[in-house]
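> Here is how the chains run, residue by residue.
2 protein chains.
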Amino acid sequence: MTLDAVLTQIDTDLDASVERLKDLLRIPSISTDPAFKDDCQTAADWLVSDLASFGVEAEKRQTPGHPMVIGHVGTGAPHLMFYGHYDVQPVDPLSLWNRDPFDPAIEETPKGKVIRGRGACDDKGQLMTFMEAFRAWKAVHGSFPCAITFIFEGEEESGSPSLIPFLKEYKDELSQPDMAMICDTGLFNRDTPAITTMLRGLLGEEITIKAADKDLHSGMFGGPAINPIRVLTRIIASLHDETGRITVPGFYDGVPELSNSLKAQWENLGFDAKGFLGDVDLSVPAGEMGRSVLEMIWSRPTCEVNGISGGYTGDGFKTVLPAEATAKISFRLVGTQDPFAIRENFRKVVRDMLPEDCTVEFSDHGASQASVMSTEDPSFEAARLALSDEWPRPAAFIGCGGSIPIAGYFQEYLGLPSMLIGFGNDDDQLHSPNEKYDLRSFHKGIRSWARVLDAIVK
Amino acid sequence: MTLDAVLTQIDTDLDASVERLKDLLRIPSISTDPAFKDDCQTAADWLVSDLASFGVEAEKRQTPGHPMVIGHVGTGAPHLMFYGHYDVQPVDPLSLWNRDPFDPAIEETPKGKVIRGRGACDDKGQLMTFMEAFRAWKAVHGSFPCAITFIFEGEEESGSPSLIPFLKEYKDELSQPDMAMICDTGLFNRDTPAITTMLRGLLGEEITIKAADKDLHSGMFGGPAINPIRVLTRIIASLHDETGRITVPGFYDGVPELSNSLKAQWENLGFDAKGFLGDVDLSVPAGEMGRSVLEMIWSRPTCEVNGISGGYTGDGFKTVLPAEATAKISFRLVGTQDPFAIRENFRKVVRDMLPEDCTVEFSDHGASQASVMSTEDPSFEAARLALSDEWPRPAAFIGCGGSIPIAGYFQEYLGLPSMLIGFGNDDDQLHSPNEKYDLRSFHKGIRSWARVLDAIVK
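Here the protein sequences come in this chain order: A and B. Under numbering that gives the first Met the number 0, the residue at position 156 of the first sequence is numbered 155, and the numbers go up by one with no gaps. Under numbering that gives the first Met the number 0, the residue at position 217 of the second sequence is numbered 216, and the numbers go up by one with no gaps.
Just chain A, same shape as in the assembly (with noise of 0.2 Å):
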């Protein structure tokens, strides 16, 4: 029955941790500007000292942009690394938001009671989540469930310039722990909670296609020359066929089919496909035929067109025929797909379409895996049944359409899988003016880690 003390230990302090909660949204840490510089210093502080208010000991550790905060504390198995990120995005326009964004409160919405301010949810919010849960345990138990380390980075909204290097340099320190638990993520919806096993990898790819030394008039030239535009829609055009699959030879080796579970747990989410959809005035499925909306994204590989190029594009017309034309290409990758064999075979595709006279330059936008968690590990279906206790409907194992790089970083630079939960909805205004996290969201974020460390120790 402890967890039942440690639960009702968090009910009773839950307007204390709200006032703490509110102690860190009050400091303007916001990364990407150096006026806000001291300001991610008083944020690390702030949570060395609420580190030690529950008996961790941490440090502050000076990068050459904003500090890390580690801290370690605990014994046992397994060793959980908790990461979280307390800076901050920019707050412009100012001029949109209800209130001043570093004056945080309490609010109530047709929806509840939820936290206002910059960083309620993303990542102040949800990273309290963890540290509450932590002090409540200790309060009832005196220690520890097992060994913790907590990593905290203040750069994660400015592109984390600081955190490989940090982790190579901490690599036997920081690979000790067994798995990184990162608090980042959404609720699948507002009653079911999720673990986010699936991000998809991304290779960027930018091709300009290069034919006549200049631009040429189309009058004068228009027949006996190439237009790379007409090259470059071709080859694009090219690369998905009739079903919506891709056809870069090999772009499929490695990518899985969804277990039955798996299956059985998306079909049981009750996703609105078409709700989805409609929101954005869609309604009608675009990707391959056959799969559903959230295998699509979720778990199954794309190739997008994310921009395109060439010749005159201002107003009125211009009879030119370009010299050049460019498109920047995305591809989204799951399971073990090899982005770098992938992005051989599409530039042999590209370079097999090239007529005479057409030359080809390819960038390279970055290329990374599909991170994949092993859901055979036991403490993965255990973390699910708990948060299954503390939510209206079950837990599933979701996928996320795009990426969340601090997991793969652990796994290339550290070795450590991840487990991604977090308490997030659709509505929480990341990044954009009136950010809130729920008051629901905060309190059954932190029972629920209650849960997740009380079933992953057991």
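If you are wondering where the hints come from, they were derived from the structure by calculation, not from laboratory data. All C-beta atoms, glycine included, are put in the ideal place defined by N, C-alpha and C. Be aware that a few hints might be false.
Below, computed lysine-lysine pairings styled on DSSO-like, alpha-carbon distance capped at 30 Å [stated by the list, open to error]:
no., chain 1, residue 1, chain 2, residue 2
1, B, Lys-273, A, Lys-213
2, A, Lys-317, B, Lys-59
3, B, Lys-273, A, Lys-317
4, B, Lys-213, B, Lys-59
5, A, Lys-209, B, Lys-273
6, A, Lys-273, A, Lys-112
7, A, Lys-213, B, Lys-317
8, A, Lys-273, A, Lys-262
9, B, Lys-213, A, Lys-317
10, B, Lys-209, A, Lys-209
11, A, Lys-273, B, Lys-209
12, B, Lys-59, B, Lys-170
13, A, Lys-36, A, Lys-59
Where chain B lies over chain A, by a calculated footprint (3+ residues, C-beta under 8 Å) [claimed, not checked]:
no., segment
14, 224-234
15, 393-404
Dock chain B against the given chain A, drawing on the hints supplied.
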């Protein structure tokens, strides 16, 4: 032998002819720049006075823009209308000129003497070729060879906004002539004169494909959300088949095959297709298979993408799924191709290829039919032979890949066919710094007109 007398008179008077041209070139009649409004009036006055100097009664007629100069003289068939324009292009960047653009002079160059200055070729030098031919004719004969109308425009370089209203207003007067003679084209090459009898028409279309109601994140929506760039590239890629033919239904209706005599003339021109493409760093004709480069440019229709844009096109990379994508597409038309029918068929092709959730917006950027002069009128062959007598190599009826709108306007608003003869060279630097006109073009151009007049009125 009176033609010989006229030619001798032209040779004798050449220095004075050059001085008159230099007088006209000194007037900075830049039509597009309001700062030179008075200079355009001055240039028109100069023409009225120069026409008067060899017995043509002419007058300046005001328009909402720059004035037209109209003069009539002579009697007898055929009634010929000579067109030229006295306005010139701006001169910037001035720093690239080797002299004051409005202080013309004869310069020695490796290819012979040239008259250097803005408008030296386009179109003051060219229009003075027929002025000087008439002056010499009048001096020798005391009269003119037939009924002549002169029409000089001052807005050709700024889109001719007043021209069509003017042609409509003076239709009764200006539709009296049998044919318009337009001196604003070039030699085929330095030794080969040409009569341009085929001008391609132009249809301009802009299409914008729209999908979601806002730009989307490709991580969040990549897969199920349709990408308008992909839709656009598929449409564009479908517009040509593997042989380079355009696939729009009915597109080739009204595209004539070349007559054998024209084919023979063109083959005889010794056109250096390799050099033409090599000049812009190309080597292989990219148009319809089985057509020569000259055919492609002069007598075959095209479909070209002149511009394309969509999504993120700045530096770096953004994983956006754009809400829309746009292309500017033009068709060069020949023979009796109907631009309006082609526009309808093209739009239908686009609409038929639109997937669910996509809409398209079309913008109309003009539609003009090809101009094809009927060379069955014996004047054409007479003029061709006359030009052949003056120049080292026989003259040819040629096409022009671009459009010369004035010929279309005379046809449409006055019912007048046009004969396009000019003496420009490819290296005349029209619209660019250091514009010039070969003294040889000027001299032999004047002599050419005397021969053509003599041949036509015979």
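> Taken at face value, is the distance from the CA of B/Lys-209 to the CA of A/Lys-273 at most 30 Å?
Holds - the C-alpha atoms of B/Lys-209 and A/Lys-273 are around 19 Å apart, at most 30 Å.
> Straight-line Cα separation of B/Lys-273 and A/Lys-213 no greater than 30 Å?
holds (17 Å)
> Within a Cα-Cα threshold of 30 Å, do B/Lys-273 and A/Lys-317 meet the stated pairing?
Within the cut-off at roughly 26 Å; holds.
> In terms of beta carbon proximity below 8 Å, does the segment 393-404 of chain A have 3 or more residues touching chain B?
holds (count 4)
> Is the straight-line distance between the alpha-carbon of A/Lys-36 and that of A/Lys-59 30 Å or less?
holds (14 Å)
> Check the hint pairing A/Lys-213 with B/Lys-317 against an upper bound of 30 Å on the C-alpha distance.
At roughly 28 Å apart (the allowed maximum being 30 Å), B/Lys-317 and A/Lys-213 satisfy the hint.
> When you check the alpha-carbon spacing of A/Lys-273 and A/Lys-262, does it fall within 30 Å?
holds (19 Å)
> So if I understand the rule, the pair passes when the alpha-carbon distance is 30 Å or less; does B/Lys-213 with B/Lys-59 pass?
Distance of about 56 Å is beyond 30 Å: violated.
> Under the criterion that the straight-line Cα-Cα distance not exceed 30 Å, is the pair B/Lys-213, A/Lys-317 satisfied?
holds (28 Å)
> Is B/Lys-209 within 30 Å of A/Lys-209, Cα to Cα?
Satisfied, since the Cα-Cα distance of roughly 28 Å is no more than 30 Å.
> Assess, step by step, whether the Cα of B/Lys-59 is no farther than 30 Å from the Cα of B/Lys-170, and give holds or violated.
This hinted pair holds, its Cα atoms lying about 17 Å apart.
> Is A/Lys-317 close enough to B/Lys-59, meaning Cα to Cα at most 30 Å?
Violated, because 33 Å separates the two Cα atoms, which is more than 30 Å.
Going through the hint list in order, the structure does not satisfy hints 2, 4.
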